Amino acid sequence: MRAMSTPPTKVSFKEQMHLAREEAILQATCRLLGEKAYDAMTMDDVANAVGIAKASLYKHFSSKEELCSAAMVQILARVRTYLDGLAAEMPPLEKLQALVRWSLERLITNEMPLLPSRNSSLRAVLMANKDYLNGLVTVSDQIGEWIVQAQAQGLINPTLPPMVVLYTLYARACDPVVTFLKDGGQYSDAEIVELVVRTCFDGLSAR
1 MRAMSTPPTK VSFKEQMHLA REEAILQATC RLLGEKAYDA MTMDDVANAV GIAKASLYKH
61 FSSKEELCSA AMVQILARVR TYLDGLAAEM PPLEKLQALV RWSLERLITN EMPLLPSRNS
121 SLRAVLMANK DYLNGLVTVS DQIGEWIVQA QAQGLINPTL PPMVVLYTLY ARACDPVVTF
181 LKDGGQYSDA EIVELVVRTC FDGLSAR
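Residues 1 to 207 (the UniProt record's numbering) are what the sequence shown spells out, left to right.
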């Protein structure tokens with residue numbers, strides 16, 4: 001006798017609208033965190049960006065800290081998805097360069113939240129968020145593996161501690177050089193991304 005399959009749970013229209021609005025809120029938050037960073041962003045800014053009342057915003061997230069934590073968790077999920085999508089046969093150095101390039105492309109269009117400063121209250125909230133920490137560890141372990149492989153191949157300075165290289169790559173996701181060059185107006189977004197990638201991996205020494 002064949003077992004009967006359980007029909008998929010139907011999501012109500014109200015729930016679909018709730019989820020769609022929540023996604024819009026998180027997207028707006030990521031953009032605002034990229035434009036003005038956590039300490040300068042307000043819940044009013046988010047509500048205005050989404051086009052909803054602040055009271056409606058609080059139905060989804062009870063505080064600015066909870067909202068921004070959810071946005072940062074979502075960003076880490078996007079990073080993991082990008083890393084998983086890289087071809088397995090791609091050399092480790094090229095994977096690292098592709099990640100930095102992807103991060104800079106998000107940064108230059110304000111899609112990448114700026115990392116919280118040491119004295120930001122968001123940092124303490126994130127350090128207490130299990131989903132964020134688990135995502136960060138997963139991403140860091142994957143990138144760290146590629147760093148060690150690239151060092152073994154002599155393509156990244158093997159005398160540098162892998163953690164130093166990891167933090168250096170992370171810092172490119174909030175590199176002020178991008179803003180300075182964009183404000184200068186001399187280079188296109190694509191040229192800025194390539195210039196920062198080159199200085200990150202090739203340094204400033206003449207070859």
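The set of hints was computed from the structure by calculation and includes no laboratory data. Wrong hints could be hidden among the right ones.
As the list claims (entries may be wrong) - Derived DEER-like restraints, expressed as beta-carbon distance ranges: (1) A55 with V148: 24 to 30 Å; (2) L133 with A206: 40 to 46 Å; (3) M17 with L155: 38 to 44 Å; (4) Q186 with T81: 52 to 58 Å; (5) T109 with Q186: 44 to 50 Å; (6) A171 with E15: 35 to 41 Å; (7) T159 with D45: 25 to 31 Å.
Remember, predicted model here, so these are calculated numbers, not experimental data. All C-beta atoms, glycine included, are put in the ideal place defined by N, C-alpha and C.
Are L133 and A206 spaced within 40 to 46 Å by their CB atoms? Given about 42 Å between the Cβ atoms, the range holds.
Could you say whether the range 25 to 31 Å given as a hint is met by the Cβ separation of T159 and D45? violated, 45 Å
Does the beta carbon distance between M17 and L155 stay inside 38 to 44 Å, or does it fall outside? violated, 50 Å
Measuring from beta carbon to beta carbon, are A171 and E15 in 35 to 41 Å? Check passed, 40 Å falls within 35 to 41 Å.
Lying within 24 to 30 Å: is that true of the beta-carbon distance A55 to V148? Given range 24 to 30 Å: violated, Cβ gap about 50 Å.
Tell me if the beta carbons of T109 and Q186 are separated by a distance inside 44 to 50 Å. violated, 18 Å
Can the suggested window of 52 to 58 Å be confirmed for the beta-carbon pair Q186 and T81? Because 33 Å falls outside the window, the suggested range is violated.
Hints 1, 3, 4, 5, 7 from the earlier list are contradicted by this structure; the remaining hints agree with it.
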